[in-house]
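Enquirer: Sequence:
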Amino acid sequence: MISDMSQPQGLEAVPPASPVALLELSGANKAYHGIPALIDVSLELRSGEVHALIGENGAGKSTLIKLMAGVLPADSIDIRVRGVPAKFHEASDAYRAGLRFIHQELNVVPTLSVAENIFLGQPYPARLGVFVRWGQLGRQAKAVLAQLGVNHIAPRQTMARLSPGDQMLVKIASAFVGEEIGSGRDSEPRIYVMDEPTAALTAQEASLLFRVIHHLREQGSAILYVTHRLDEIFKIADRVTVLRDGRVVATSSVAEVAPPDLIRQMTGRDLQDTYPGREPGVSIGERILLDVQDLTTRSVKGVSFQLRSGEILGVAGLKSSGRTELLRALMRVDRAVAGEIGLDSSLMRAKSLAGSWKQGLAYVPEERRSQGLILTRSVSDNITLPHLAHLARQGMWLNHGLEQKTSESLGTSVRLKAARVRQTIRQLSGGNQQKTLFARALAGSPRVLLLDEPTRGVDVGAKSDIFALIRQISASGTGILMVSSDLPELLGLCDRILIMRKGRLAETVSADGLTEEQLLALCYGEVSYDNRPASR
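The sequence shown begins at 1 in this note's numbering and counts up by one.
Just so you know, these hints were derived from the structure itself, not from any lab.
No experiment lies behind these values; they were computed from the predicted model shown.
Hints are supplied without guarantee of correctness; some may be wrong.
[Stated by the list, open to error] Straight line, CA to CA, 20 Å or less: simulated EDC-like cross-link-like pairs of lysine to aspartate or glutamate:
id	residue 1	residue 2
1	K417	D245
2	K351	D261
3	K66	D245
4	K235	D195
5	K502	E256
6	K301	D291
7	K301	E340
8	K417	D381
9	K463	D245
10	K87	D75
11	K66	E90
12	K66	E44
13	K66	E24
14	K351	D291
15	K502	E325
16	K319	E44
17	K66	D195
18	K463	D291
19	K351	E340
20	K351	E325
21	K235	E256
22	K87	D40
23	K235	D78
24	K319	D291
25	K66	D78
26	K319	D78
27	K301	E24
28	K319	E24
Please model the complete structure; the sequences and the hints are all you need to start from.
Expert: Written out as structure tokens, the structure reads:
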């Protein structure tokens with residue numbers, strides 16, 4: 001999934017001359033077990049305005065959204081909707097007040113259809129009030145998706161069969177049920193809260209969403225847009241509020257700030273060397289750690305490449321290009337029908353995910369919450385999950401002391417911020433959940449580390465930590481294969497980049513001297529860039 005860095009066409013409209021406050025929130029305070037999460041937070045959302053909300057993971061953004069949604073009680077808060085005092089005791093109160101929420105977490109029912117998920121919580125069309133009119137439900141779902149410009153998702157398709165990006169599009173569509181986006185229809189402007197809506201979207205999908213936001217803005221709606229992507233703020237937002245440690249640090253016009261200003265406000269420091277280079281004297285080794293020959297699955301067609309010790313090899317491509325499927329095939333999550341995988345001079349014999357971990361591969365999946373973590377278990381349980389055999393006495397009884405010691409050591413190595421390793425993983429911020437997956441990957445001292453979107457949904461401070469960690473891991477001699485939709489991330493960290501198109505390896509290019517425009521063109525297949533390493 002490629003990050004769209006260009007300005008979408010038609011997003012130049014100016015907000016109304018006299019915007020009014022649709023939502024005023026002041027004196028918001030919330031503490032968990034005596035630890036403050038929000039301290040006297042105030043926020044104003046105006047009609048015809050996109051208001052960005054940013055901050056590091058753990059700054060209080062999610063808590064603030066939950067208070068606005070009525071799903072979490074505040075210790076104290078004053079809310080006014082269109083100038084009228086309001087109290088949100090439950091989610092239905094916020095809904096009736098005109099608030100609509102698009103949450104980062106993919107809270108979908110995977111066994112239900114797309115149409116059922118879109119209208120979840122809404123009355124389905126029915127005969128005699130009992131028998132669902134499935135045809136009508138499907139047509140209504142198709143119409144809602146069409147408002148977003150989404151025509152490739154079938155309303156009857158089961159949600160579990162969709163990619164994370166398509167699932168997010170369905171969740172976004174559900175927020176617009178009963179509304180005519182961009183129709184010019186005179187209706188009461190609503191208040192939209194969008195929490196990391198583009199985290200799982202392709203450039204094309206994100207562009208569609210930006211157009212929808214533009215139309216909502218033109219109609220006088222207020223949009224609170226939460227993101228970790230600073231380029232999106234300068235693309236679509238009018239004002240920006242920064243949270244740090246539960247407090248509002250600043251609220252500014254986007255026209256009056258620059259990215260370094262926002263980074264400094266979020267982190268309290270300047271971040272230098274966003275993409276750290278190799279330390280002096282550290283170079284790619286000659287030993288081939290991963291030798292893939294003609295790997296073929298249902299989605300990957302005859303892929304061959306080699307990965308050397310200490311090398312960071314990127315994988316780029318558009319949606320459905322086979323990037324994620326390549327990593328899943330290497331980890332034996334997806335069954336290979338042809339081809340061989342050589343691992344450090346030996347043929348890889350693993351037939352399952354567990355076997356791949358045992359043979360020296362480690363994996364950080366694309367979607368941490370649904371694919372990587374057991375949210376109801378502790379940090380320690382999540383770190384040690386694939387390594388329990390090495391932490392057991394006589395291979396049978398888990399050594400809990402060793403498990404805790406190992407988890408604490410690995411947590412320190414990845415700069416994990418948690419109250420304790422027995423803390424439930426659900427309570428951690430997104431960045432620290434991602435660091436937990438890195439700690440798990442490092443627990444087995446892997447020979448090859450597979451990373452799928454390693455910084456998705458994490459803040460700039462956590463990204464800096466993860467980039468440094470990736471560089472540190474490669475310096476130890478581990479080979480890294482990294483999928484990312486963030487083009488600067490691939491160019492800033494990788495030595496070479498595999499270009500995937502329609503399940504096939506189309507190009508292998510050196511990252512040295514490659515530009516974002518050239519890399520994007522390669523992904524689309526518009527050019528053949530002559531920058532291939534001669535021998536690798």
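Enquirer: With reference to the structure, classify each hint as holding or not holding.
Expert: Consistency of the hints with the structure:
no.: 1; hint: K417 with D245; verdict: holds (13 Å)
no.: 2; hint: K351 with D261; verdict: violated (50 Å)
no.: 3; hint: K66 with D245; verdict: holds (17 Å)
no.: 4; hint: K235 with D195; verdict: holds (16 Å)
no.: 5; hint: K502 with E256; verdict: violated (43 Å)
no.: 6; hint: K301 with D291; verdict: holds (16 Å)
no.: 7; hint: K301 with E340; verdict: holds (13 Å)
no.: 8; hint: K417 with D381; verdict: holds (16 Å)
no.: 9; hint: K463 with D245; verdict: holds (18 Å)
no.: 10; hint: K87 with D75; verdict: holds (13 Å)
no.: 11; hint: K66 with E90; verdict: holds (10 Å)
no.: 12; hint: K66 with E44; verdict: holds (16 Å)
no.: 13; hint: K66 with E24; verdict: holds (16 Å)
no.: 14; hint: K351 with D291; verdict: holds (17 Å)
no.: 15; hint: K502 with E325; verdict: holds (11 Å)
no.: 16; hint: K319 with E44; verdict: violated (37 Å)
no.: 17; hint: K66 with D195; verdict: holds (11 Å)
no.: 18; hint: K463 with D291; verdict: violated (29 Å)
no.: 19; hint: K351 with E340; verdict: holds (12 Å)
no.: 20; hint: K351 with E325; verdict: holds (16 Å)
no.: 21; hint: K235 with E256; verdict: holds (14 Å)
no.: 22; hint: K87 with D40; verdict: holds (17 Å)
no.: 23; hint: K235 with D78; verdict: violated (31 Å)
no.: 24; hint: K319 with D291; verdict: violated (25 Å)
no.: 25; hint: K66 with D78; verdict: holds (14 Å)
no.: 26; hint: K319 with D78; verdict: violated (43 Å)
no.: 27; hint: K301 with E24; verdict: violated (54 Å)
no.: 28; hint: K319 with E24; verdict: violated (39 Å)
Hints 2, 5, 16, 18, 23, 24, 26, 27, 28, counting from the list given before, are not met by this structure.
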